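Enquirer: For reference, the chains in residue letters:
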Amino acid sequence: MLQGRPISRAFRALALGLLILWLVLPLIPLAIWSFARGWRFPDILPQDWTLQAWTYALSDTSGVLGSLGLSIGISAGVTLLSVLIGVPAGRALGLYRFRGKGVVALMILAPTIVPGIAVALGIHTVFIGLGLTNSVTGVILVHLVPTLPYMVLVMAGIFANYDPNHEAQARCLGATPLQTFRHVTLPAILPGIIVGAMFAFLVSWSQYILTLLIGGGRVVTLPLILFSFATSGRNDIAGAIAMIYILPGLVILALTARHLTGQNRAITAARP
Amino acid sequence: MSERLRIVLLLGPALLVIGVLFFGGLGVGVLRSLNYMPVIGLTDPNFDAYGALLTSRAFYQSFLLTFHIAFTSTVISAVLAVGAALLLRRSFAGRSVISFLFQLNLTIPHLVGAIGILYLFSQSGSFARLGYAWGLIAKPADFPALVFDPYAIGIILQYVWKEVPFIGLVVLANMQSIGQDHESVARSLGASRWQAFRHVLLPLIFPGLLGASVIVFAFTFGAYEIPLLLGQNHPAALPVLAYRQYTDVDLAARPQAMATAVVIALLSAAMIWLYVRLARHSLWRE
Amino acid sequence: MPITRRALLTSAIAVALLPARHAFGDTADGKALIAMTWDEVVEQARGGTVNWFMWGGADNINQYVSDHIGGQLKADYGITLNRVGLTDTVEAVNIVLGEKEAGVLDAGTVDMIWINGENFRTMKQAGLAFCGYTHLLPNNTLVNWDSPAIANDFGTPVEGCEVPWSRAQFAFAHDSAKTPAPPRSIADLIDWIKANPGQFTYPAAPDFNGAVFVRHVFYHVAGGHETLLGPFDQAKFDDVAAKTWALLNELEPFLWRQGQTYPTSITQLNELFANGEVALTFDYDASQFGLAVQAGRFPDTTRSYGLTDGTIGNTNYTVIPFNSPNKAAAMVLQNLLLSGEAQFEKARPEIWGAAPAIEISRTSPEIQGQFAAIKVPPQVVSSEELGKVALPELQAGWISAIEQGWIANVAQK
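Protein chains in written order, with the working numbering: chain A, 153 to 424; chain B, 2 to 287; chain C, 4 to 416.
These are computed hints drawn from the structure, not numbers from a lab.
Warning: the hint list may mix true and false statements.
To be verified - Which chain A residues stay away from chain C? Per the calculated CB distances, all over 12 Å, these:
id: 1; residue: Arg-192
id: 2; residue: Phe-193
id: 3; residue: Thr-213
id: 4; residue: Gly-252
id: 5; residue: Glu-319
id: 6; residue: Leu-402
To be verified - Mimicking SDA-like on lysine to any residue, the simulated pairs with C-alpha atoms at most 25 Å apart in a straight line are:
id: 7; chain 1: B; residue 1: Lys-140; chain 2: C; residue 2: Lys-77
id: 8; chain 1: C; residue 1: Lys-181; chain 2: C; residue 2: Asp-303
id: 9; chain 1: C; residue 1: Lys-77; chain 2: A; residue 2: Ser-211
For clarity, every value in this text was computed on a predicted model and none was experimentally measured.
The C-beta atom is built at its ideal place from N, Cα and C for all residues, glycine as well.
With the hints as extra help, turn the sequences into a complete structure.
Expert: The structure is reproduced here in structure tokens:
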């Protein structure tokens, strides 16, 4: 393909430069605020710098580190459950044809079309009776609603391109079901599991209203504490918490980045 | 083990979770909205909540606002995402940086982006301060109202910021797996760049694009914390309205909150169904 | 003799279980607690936990509660204080309400709520509050229950269902460098708004501070609060409300953003003020202005003031829900909050600057001396200054009617 004439090359360079700037732009004032002691109009940069926001955020009183641990724990639990429940369901939808498959697929994917708040109010009423409100268990369960469809979607795509004959061959050669799974199935579906798990973690990681409603304000995950500081005028602490909040996502990205290119069939196959 | 049984066992847990939590929650919501809850003694179902809701001006204002936000965000994001994917599919200097930033954006939660947008675009935010430094404005009120404004510009900006990489990556992955052969053939037969794109590539990536757009539309329609942070006080987005009604001390507002939630569910499903039908129709009628 | 042995075994088990039940610190039985002496209550509370739900929008208050109060509670009684921050007190009331609805009668999530006004009335009327125990608290003698401002919470008689914590009085603030001559009465404010378009706004109800501002306008339109005291009167309300909404709607084009939107909360209003988008702000708690200046959020030239025709003041309280499982610990906490030392600590301007709810004259001479030595920073108008003209709150029926009326007639146009 043509490399492009100078004008279109310059245009492309400009477009890309703006794109790069645009992608990181919202993070900049957050980072600056976390080191500022008051930052009022019309100052472009704060006149007074301090580490006070960070020391408070990392202290015991603020509860931020506790929230970090809690959020990681909840999202990890949700991810694990999503994998355990979603992989088999993806296999069923990807490998088999059966009557009612369309209906089943629609049911499982329904939560991506219907917003969480529509069902969360009803779930809250049920959970009060079951004693699951204000509990971490309840929050983990309710997070499954938006994360499971993503997991199933990705895995169904993977399994649609998967040849079950490999498993039959391994069994013929004398492998036990467990060995077959470990050495034949798992390596083939692992990229999909990684992508699906990443989606599941991120969806759970960014949940706000579901955690607020079901957790009753007692299960304080990072988004809740961030929102609370951001809306109580403590922009400096909010900035520090925001920086802490995006960290685990970055770590996960670093670990799974190579799976996100186009070569990964998990993404191309991820269409409803 | 029979295949039927195997399928049931594989699907069982997922259907159980979705069935109980999602459909159960929806079902209870419907019951509560009809004021029917024998557990606490309400045994007289009625449509009062829906009546009150559908005759309230606030509801229609909220619906229009929420639809505007979702539709505008989705369309703009989809168009920009396709453009970005076209840019990114060829190799060039800086491509890995952009790819990385796209993926980075995926991991940043909406709330963080929203707070950042607030600090950037409020009338006393970073852009306003730059405007003041360059002598373009004399006081905050001179800067255009981009947050807490009637057109929800700040909210749409935030959604576009977050969803262009999401849709972009899906479309890019599709483009890469499709390859460039089809377009090459079309170009060699005399088609222009635009024609090759419009009639060859676009139909091929359309299913993926549509799928991602549907997810974005549903999300932006039902999101709570972003309109709460960046939006006007009144009219508020539908999810904000529902939550306010649910946490009203006046328990009589509870069925109305449930009714709002049910309406949100119905509206999302209906709009998405319509969207998919229309899009498929218009594109395949070539 | 098997019967005797069985009886012995049963009673042995019962006796063995008794301290086990006590050791879990479950003090849900309010009636039993009321029948005890204070020392017995304290013993029941030792080593327990108390979950205190309170508005979390000011982290100086959060720090005072978590560090100072929580630390003392732990050191003196071994009780763990779990402070739960809320955006709106009604969230806690809803939790208790939902639990009562679901039949959760002695294992509630909430042990104490920082509360007053309509929320307290909701709790009292729905039977959600634990009542009749306040005479047990030793520091209860420091409270002047004869004062109608304390014995009545927004017109609802307290009747032993809650314990006072602080007094507050509404005050305005301006940046003396930018706005040297702010309006000092509601009438002047109305003229000032028209003369300075886009420079003023107020938070939308149901924000606490926004709602009380609207009530100031309501008093002004009614020509004073005297005619409004007493139970809710629909006819009188309709008459004054109609004129109030007309006035506020008339002012809308002169407000920030031409009144198309209002800030959602007092913190949003403070942001606008800090950045110079509006010229005035206000708060129920004038000490917040001093703290904001200290933290660099407000300019040093901020000054606060009351109004010539007075501003509304009230008392705020803490209440224990009927289904709290940690009532003894909550009672110990309430007693601690009433103590002279805790009330003084909270009155220090660098901590909070909150006016005490106890009679200082009833505390020890050292505490009285400490109170007398408090230096109020220049940005904060002193509570004596404000107290010269303190207007009472109306009964809760008026409050909710005014709030609903504002939302329907001004916000929604």
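Enquirer: Take the hints in turn and mark each one as holding or not.
Expert: Hints, verified against the model:
Some Cβ of chain C comes within 12 Å of the Cβ of Arg-192/A; the nearest lies about 5 Å off, and the non-interface call is violated. Against the 12 Å criterion, Phe-193/A falls within the reach of chain C, whose nearest CB is about 4 Å from its own CB. Some Cβ of chain C comes within 12 Å of the Cβ of Thr-213/A; the nearest lies about 5 Å off, and the non-interface call is violated. With 12 Å as the threshold on Cβ separation, the claim that Gly-252/A sits away from chain C holds: the shortest Cβ distance comes to roughly 36 Å.
Annotated as non-interface, Glu-319/A keeps its C-beta farther than 12 Å from every C-beta of chain C; the closest such distance is 49 Å. Once the 12 Å rule is applied to beta carbons, Leu-402/A is consistent with being away from chain C; the minimum gap is 27 Å. For the hint pairing Lys-140/B with Lys-77/C, the CA-to-CA distance comes to about 51 Å; that exceeds 25 Å, so the pair is violated. With a C-alpha separation of about 12 Å, the suggested pair Lys-181/C and Asp-303/C falls inside the 25 Å cut-off, and the hint holds.
For the hint linking Lys-77/C to Ser-211/A, the alpha-carbon distance of about 18 Å falls within 25 Å, and the restraint holds.
Of the numbered hints listed earlier, those contradicted by the structure are 1, 2, 3 and 7.
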